Structure formats: structure tokens, C-alpha cells
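Residues per chain are reported as follows:
Number of protein chains: 2
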Amino acid sequence: MLQDARPVTVPRLERLFEAGNLPAGVFCLKAGSIRIGIVADSGHERTIDVVLPGGTFGEASIFKSSEAPVYAQALIQSDLLCISNETILTGIQQWPEMATVFLELACTRINQLLAGMYVCCLRNAHQRVNDFLLKNAQPVGGSRIQGIVSLLVSKSVVASSLNLTPETFSRELHSLSDQGLIKVERALIHVYDLEKLRRQGIA
Amino acid sequence: MLQDARPVTVPRLERLFEAGNLPAGVFCLKAGSIRIGIVADSGHERTIDVVLPGGTFGEASIFKSSEAPVYAQALIQSDLLCISNETILTGIQQWPEMATVFLELACTRINQLLAGMYVCCLRNAHQRVNDFLLKNAQPVGGSRIQGIVSLLVSKSVVASSLNLTPETFSRELHSLSDQGLIKVERALIHVYDLEKLRRQGIA
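Heads up: the sequence lines are chains X and R, in that order. Going by UniProt numbering, the first residue of the first sequence is number 1, and it counts up by one from there. Going by UniProt numbering, the first residue of the second sequence is number 1, and it counts up by one from there.
One copy or two, either will do: identical chains are not told apart, so a pair holds if it fits within one copy or between any two.
Under the rule of at most 20 Å between Cα atoms (straight-line distance), these lysine to aspartate or glutamate pairs were calculated in the DMTMM-like manner:
hint	residue 1	residue 2
1	K135	D41
2	K64	E104
3	K196	D41
4	K30	D49
Derived by calculation from the structure, the hints in this document are not laboratory data. As the structure is a computational prediction, the values presented were derived from the model and not from experiment.
Work the whole structure out from these sequences, hints included.
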């Protein structure tokens, strides 16, 4: 089936598809990064997901059951493979175990969206930033207390993925800096006390 | 496979499963109504979906890839069939076309969650209530202007499914009543001008 995959290159900040016009298939990202987002009539936006190399998206459109309200935009120049819905549906009939692979991808996506809904509806700004740092912190050496977060995309995209304005995201980071809990250095955030962040998140 | 389905009855307001302890399989609702919800540490809740007879839920747990943050609660006494994950996975190997059926269910769920995310992040309280009325209004006679919305669940559950407090939901309904656009009669909402609601929603 992979010989039927069509290579696609999308320049920085261009859109692969808009909300409304459903993607022609499932996309696999080879290099770059793709923002999946939703946009209101007012122009206000929210980032649902940032896809990194190795990631896939567009599974929900296989059956074209309804129009998805998402767009896909390249944050940097991105190389992808597109496997058309037609190829996938034919492939599933020929190799039915393929359906299981896509089903597993779809189930993972459902759980990810439910987690996103939880954040969006039930966590306040402070908790969202804490959660983000705790989830992405890599431990420094063998420490269970110190960690480091590498921002793979711009701060405004991170903010949007937490459904925060860039200003609110900055304010929360400043507040944590002022408490001596973190230090922001360009795309790196040093976390000095993961335990304390964890306790603050529960409270 | 259906002979392996286990009948389950859940009394009114009892929970079929809690967030964290993932459901043992896929559930199909025969009678009653089931609220799928998320709950914060603080106790604050949000209704994700209300499942009505004929509907299914629990698909995302088939592979147990991650814990879903949802609970399932019977709003009235409910009769269900539970098909265990094990039965489904064995069934898929025997009748691979079954995976396609579940894949289609999962894709529909993804699109539904994306639509919910859109509402939750990008529509204000007034727009959410308008959207709800427009989506659920049954036309009265041949009219394109008048419609009627039957509330199948309590107003507080509808409010929660729109991520609104019951108070905000009531306030929005009162405001529409005051404008002469709707009239609320117990579980029925008469909509007198669907066109005007539509125009207000875009603005």
C-alpha cells in the first residue's frame, strides 16, 4: 500500500487543508511539524494537537462521515506521505488486519481528545501550565525534583494548545519564576521543584 | 458474537463505571439513558455525551491503550449489553470486517469530540444555547421559521453538556424568552424564529 502513498511538501505556515474541506486521506509526517487547529467565525483559534515526525493524522476522515472542524498547518516546512481514503478502504478489504491498526490509532485519538476536553473544561490556567510542565519535564541526571522542558514549538503555539492566550501563558510562567520554581531560557524551561508543582496542581 | 454479550441493568443515578477504572468492553444501550462525563478533583463536572437507546460507548477502551478520564452514569434505570474487549478482539481476528465497523464508530466519535472541543473553546454561552436550539429543533408543520425542541434529559444535564452552569443556561433561555424568540414549557422549548437565532449565532 505504501507505494500508493503520495509525497506532499508544505512550506512554513501554509495550510495542508482547511476546516470544512476534509483531508483526502491519512497523513504521515516524515519531517517538520504540523499544527491541528480549530478556528471560530471570529477568527479566534485553538491548537488541538502538534504532530511531530512519525505521527499521523486525518484518520477520522476515512469514512467521510461528517466534516471535521479542523485545519492542518505547517509550523515549519514539512514533508508528508498521504495515503488516500480510497487506498485505505481498498487496502482494508484486502488485508483486514489493517483495519485493526487504524482502529487502534483512532482509539488513541479518542483518549487524547477526552484528555484535552478535561483540560479545557475542568482545569484553570495555573493548573494547565503546571500540568504541561509536569508532563513534559525530562529529569535532570537522576533527580526526581529537577527537570527540564524543551519547547518544541513556539510559546504561542504551546499557549494555544492549552487554550490560553499567549499573555496568560506568559503571566503564569512569570509567576512560577517569581516563586523560584522555574527559570525560562529561550526554548528551555528549567524546573527546580517538580514535587512542589505536583502538590500545587492537586490543590 | 452477540450470544457472548452480557446483559447489565443499572439503577437510576448509579454509575456503570468510574473515571480511571476503564470499562470492561463496549456497551450498547437497549433502554434508558447514560451520561458520559468527566469530573475534576474539585468535584466540578462536565457532561461529554448523553447516550440514548441504540447508542454505543466504550469503544476507545478496546485496546486499553490509556485510561480514559470518563465515567458512565445512568440518568434513569438503563438496560445494556456489554461485549467484553476480549470477545471483540477475538471476534475481529475471526471476522476482520468487524474491525471496520468499530473503526467507523471510532471515527464518528472523534468527529463528535472535535465538534465538542470547538463548542467548548470557541463559542460563548449565548452561541452555545443558540447552537443547541438550532441543532435540536424539529420543524413545526412545514414551517422553516418555527420549531420545537424536546428536552430528552433534565435542563441541568443539557447545561453540563454545553459546559455551562445551570444558572447560565437558565439566564440565556430567559433572555431569549424576553426577546420573544422562544417559550419554555417544562421539557418543551418552542422556537418562534429559527432564522433570527441563526443570524444571532453568526454575529
